[in-house]
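Visitor: Chain residues, written in single-letter form:
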Amino acid sequence: MLFYDRMQFAFTITFHYLFPQLTMGLSLIIVYFKWKFLKTHIEKYNDAAKFWMKIFALNFAMGVVTGIPMEFQFGTNWAKFSELTGGIIGQTLAMEGMFSFFLESSFLGLFIFGEKLIGHKLHFITGFLVFLGSWASGFLIIATHSWMQHPVGYEILENGKFILNNFGALFTNEWLWPSYLHNQAASLVTASFVVAAIGAFYLLNNKHNEFGKLFVKTGVIFGLISSIIVAFPTGDLAAKNVVKHQPVTFAAMEGLFETVDGGSEIVLIGQPNMQEKKLDNKIAVPNILSFLTYQKWNAQIKGLNEFDETLYPTNIPGLYYAYHIMVGLGTIFIGLMLIALVQLFRKRLYKTKWILWSLMFMLPFPYIANTTGWYTAELGRQPWLVYNLLRTSEGASPTVSAGNTLFTLLGFIGLYLLLGLLFLMLAGKIINKGPELIKH
Amino acid sequence: MELFWYIVLMTMLTIYVILDGYDFGAGIIHLFFAKTEKDKKAITNAIGPFWDANEVWLIAAGGLLFFAFPTLYASSFSGFYLPLIMILWLLIFRAIGLELRGQVHNKMWETIWDKAFGIASLLLALFFGIALGNIVRGVNLGNVANGVSTQEAHYFFLPLWNSTFSPQTEQLGVIDWFTLLLGVIGVVALTIHGANWIIFKTNSDLNQKLKNVVFKLNFVLLVLVIISLLIWHIIDPQPFHNFIKHPWLWIFPIITFSGLFGLFKVKSFQKHGLGFLFSSLFLFGGLTSTVASIFPKVLPSTNSVNPDLTIYNVAADDYGLSIGVYWFTIAAILVIVYFTIQYKVFKGKMDDIGYGEH
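Residue numbers (the numbering used here), protein chains in the order written: chain A, 1 to 440; chain B, 441 to 798.
Next comes chain B alone, as it looks inside the complex (with noise of 0.2 Å):
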């Protein structure tokens, strides 16, 4: 049962990182690629129509883990506390800037709220990289100070960052040179994103240049990954394990890897979905090869005073999780059919909806 939870979790959390990556990609190309009224146009209709329904994959997600695993909700939203509020907020600014800015025509009002769409995609494209990071880093369970749990063993409390930014001390914080390299990567990640659903949505004059912005940044990623990939070991001195004991478990970095070179042709794609396909499937396999490495971990004890949060240790009751099988698969049905009725009325191009106009 925990398993099946734990496979419809990430799921769940990998198409919202793919559906509302591409909003927040977005938001990063208008923040510094889009010069024109024109461009800034094409760049809002083309996620208009989407972003509240891609949010609501994260709010779905939180649900069901809150549902299938409460302890590790309970455990990780009070411990990630300020962090978790912050992506609120920004969640929020986000939503207030794209919907907003549209309904009073005057440059002063569409530049604030310009700012506050782009700006606040480009933070929460960087802190969703860092909420990764911590995870794989693991976090101080129990508070344990001088070996001596001061918490439960399953609470902990992150403070922003300490002053050494070293993921290595007893006293870690959110921000340090790992988490944030990781939050680079996702920055650079989802910008590429971005883009590729641009091209792939719209007609616009943009299109050309993002296609080179795309295949520069690629260079950038592809570096920024091999880096990452070099010092993974300082945090978890046995990285591949899993993937060793299960060699099945290849094909997701496989995945990663041919989402990353199969970008490098983006210049001659024909097709325009094509871009945003092996980005799709770089996101889809960077996520899941990482959870896959710290599996069956959730949340890994930095100390060796508790131990670390797995799927078998943070999950509810059996008969509470066996039911929700029966009414998440008529969810789930329905959620199906949802998406083919909504992405089939809004297939193709969208350069002429008018999003936001009033």
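Next comes chain A alone, as it looks inside the complex (with noise of 0.2 Å):
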């Protein structure tokens, strides 16, 4: 029964997260052109800014319909998570609908439309409230996310029932502000590589060379910044909250399995073995874990085999992946952008074409980054829906049959496979058309 409500739930959260995390890079980077077309009144910056809304329309248009599933799915699939902790964590998803949703949806509609009615100044600002609501949602859901791994400003009662005691507690836990920032920056890094990407595509096929430039020139820049951010220091607080709070889940996450005395080494490649509790085929570099976790080459890192096994993680390789994937494409990012910004500043970027090529491929791989840096939050909490206080086993629908939801959860990949093939085919049109012809 658990298990297909998991997997709906993992399903349906992971296709949806493929859609905000461009929306909210990407909004950013829309207000950006229009920006520099208000100030330089150059006609391909409104341009650009009017490609990428097509983009991000079709884009949006996609979270809105896979996101109204994951407010309802609380309800369907966990349904005594809902009774027990909704006095809490329903604050902020409430606030969401009310602070966020009406802010983006009524100004999509003037960003998109009303170009025209409003004006350019105008249409600056619809843009940038449709940002500010779209980051206020990313925000509110973390907030959310937050409570569930650090769980603060609360009460239980007799029955089980969580109630809060702190509003403000939720805005100031701890958990919340470095995942807040790690996460938009991240979803910064995935809209300035889809901006990049389509840039070095119109290159690398001579056309729309002056669009081409302009996009790889804006993702490069962009790339670099948010790809440094996402792994320092947002990444790294983000890192320590949770050698603070779930030592455990660190201890999986690095693949550690012993405490090792005089400094732990990090692991960048290896296998988890269960069976034996060691990793094999293991390439690893010494001290630097200790380094980067406490700032000393020698200081003690707690290893599985200090817990109880009740206490782990509930899917070791899987946690223990997800995270290795993360930071191996986090790095890569930094390198490729850091080579592609010094040839941006030889002024050779566009002629170098491995670069372009690199950069057009590397267009799926920031969604890899993003998707597994969530399943390394998520994975990392198992078994708990909210840390050390309600299990996943305690928290699905009692009325609700394994049957039931299979029924669902095939219902649902059936409908966004359809979906997916839509939003590409239909992207895809939107980038072949390009900038010049899409204009009026």
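Think of the hints as simulated: they come from the structure by calculation, not from any bench.
This structure is a prediction, so every number in the text was calculated from the model and none was measured.
Any given hint could turn out to be false.
[As the list claims (entries may be wrong)] Simulated pairs of lysine to any residue, SDA-like, Cα-Cα distance not exceeding 20 Å: (1) B:K787 with A:K217; (2) A:K429 with B:K547; (3) A:K217 with A:N206; (4) B:K787 with A:K429; (5) A:K213 with A:Y45; (6) A:K116 with B:V785; (7) B:K784 with A:L122; (8) B:K787 with A:F113; (9) A:K39 with A:I118; (10) A:K116 with B:P489; (11) A:K121 with B:V785.
Work from the hints to combine the two standalone chains into their complex.
Guide: Put into structure tokens, the structure is as follows:
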């Protein structure tokens, strides 16, 4: 019963989050283009904004239609969890509806259809408000997520219900700000890489060259800044929260089976062997993990052997891989963007074919990094819904049978496959048409 | 506190039904009455810039339900599992039908998405009517079988239907003849409502024909409403006890019928928004009268073992509900500002906006 509930939530949220991650980052880049246009009055920037608005509108619509099921599924599949914690996470989720969805949806219409009606300045403002709405939405979701990872401001009644006793604590939660900024920077990574990839696609095809250059340049600059912020300081701070509040999760993420005296190594590659409690084929660098975690080369970090097995994350290999894929890709992103920026300053970027090819083929990888990043957070929290307080097995709907959940899971898979295909087809059409033809 | 949030929630749901109701209605009109490409354009232009914002009322109301009445949210969303997920699928189909139709200029592509949009709208209107029917009829709380609860007292699960289609058996289904009747009322009422919106927001050639449609369907609606009132006592032996206790509540049925009768004059309306006003009054009055008749129940129990769910036994705790008043007030003011701006920019007729053309 629990298995299908978890699969359905995982599947629908994974698919859903492919869209908002672009929405949030891209809205910022579109606002940037529009702002550039207002400042310079160079038509190119306005056309660039218009082109990305087309992609944005399509992407936004996908985010909305796949987002509605998310809010319903707390009640449909996780009724017990909703009943017990609704007094707390209901706050942030209801606020998301009231503060950000109304803001986004009211001004999105104006942003997309209103340019002629309201003029450029107001059009810029509507774009900014859409950006604000989408980032507020991310904030309130991560506030909810952070409470589940690190519950604060609550009290548990005799009947097991969680009640709120400090509203402010939800927003001063130590877990919240690093996670939020980490996530937002990561969404900007996705958007920057998408912009750069489309630019590279145009340059390599020798069409829309003017826009190709603009997109590559903008994508590389935004991409480098955001890739760095994702790792440091936000990723670093987020990881330190895990060390502090979920040490067993941290050990599992890093593939650290044993506590070692004299400093722990950082694992680059290796496969967790759960039978023998070790990593196979390990490649590691000594003492780095201790340094990154505590800024001391020989600091001691607790390995999995220190913890009771009932506290272990449910899927240690999955968690370990998710984390390593995210970190590995993040490192590659910084490297590639750094080289691209150097070439940009040397005015050779648009002619350096291998970088353009790399930028183009890099397009899916920020999505993978964002997704595995979320898997790290979510698998890291298992077997808990509310860390250390409420187990996942206690949260599912008591009356919905496995057969019914499998039925709806299969339905979602079919429907989302169709949605995904349509999205790719239509986005491909817009991209292929290019900014020049889309202008008017 | 509970009463405050109950009123807020009902207000938001009513606004949702009035707003997204015209979207569904427009979809039904699109399915049955829009013959030419021009008619179809007129309809999508009339709802295009609004549908997404209208659906936000549902999401926001869902969020507030979760926040203010978590037990009701948990109980009803898991109990009505299948119809709710199907509503989600229909909402998705409807949205992509509307948004993707204009993206490719190909007759077959357009026909497929036209039908998806129209049929999903029709089924959604039907499902929302059925949902209202389920709420007034009540459910078998605790899944009682042979006088014994098989679940906690506030949980239940309803299959889509049972073999008898009767609202009076112990093992109920979502669809029975009573809830189906309310579903049909939903379809007729929203078709009228959607037609009125199109008349209000466009100068389409369709408008004259739609006035006839509204006029005729209004008779059907009147007959269906009377039938439902006559048989209401079958599912609730004392449907009027709240109205007898608090006579001021009669204002709601009066609004319902003034909306209904007002629409019989649709052909002579000079102002194009008048029809929409009357069908909104009908929807507002119909919903408020229905919930007023079962208040303070929010989900009645059909067995004698477990108590009804009322606003008082499903609410969150007081601290959370009180603090919510602050942020809700700020948010509500902002929402009013947004909507004023939005409707000012898109005021008047929408014929030339070119929705969905790429």
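Visitor: Each of the hints needs a verdict: does it hold here or not?
Guide: Now the hints, each set against the structure:
Between K787 of chain B and K217 of chain A the CA atoms are separated by roughly 41 Å; this puts the pair beyond 20 Å, and the hint is violated. For the suggested pair K429 of chain A and K547 of chain B, the alpha carbons sit about 18 Å apart, so the restraint of at most 20 Å is met. Pair hint K217 of chain A plus N206 of chain A holds up; C-alpha atoms about 16 Å apart against a cutoff of 20 Å. Straight-line distance between C-alpha atoms of K787 of chain B and K429 of chain A comes to about 32 Å, which puts the hinted pair past the 20 Å bound.
A hinted pair counts as satisfied when its Cα atoms are at most 20 Å apart, and K213 of chain A with Y45 of chain A qualifies at roughly 12 Å. Of the pairs offered as hints, the one joining K116 of chain A and V785 of chain B holds, with about 11 Å between alpha carbons and a cut-off of 20 Å not exceeded. Straight-line distance between C-alpha atoms of K784 of chain B and L122 of chain A comes to about 14 Å, which keeps the hinted pair within the 20 Å bound. For the suggested pair K787 of chain B and F113 of chain A, the alpha carbons sit about 13 Å apart, so the restraint of at most 20 Å is met.
Among the hinted pairs, K39 of chain A with I118 of chain A is consistent with the structure: their alpha-carbon atoms are about 18 Å apart, no more than 20 Å. Between K116 of chain A and P489 of chain B, the direct Cα distance comes to roughly 15 Å. Compliance with the 20 Å bound is thereby established for this hinted pair. A distance of roughly 15 Å separates the Cα atoms of K121 of chain A and V785 of chain B; the hinted pair therefore holds under the 20 Å criterion.
In this structure, the earlier hints numbered 1, 4 are contradicted, and the remaining ones agree with it.
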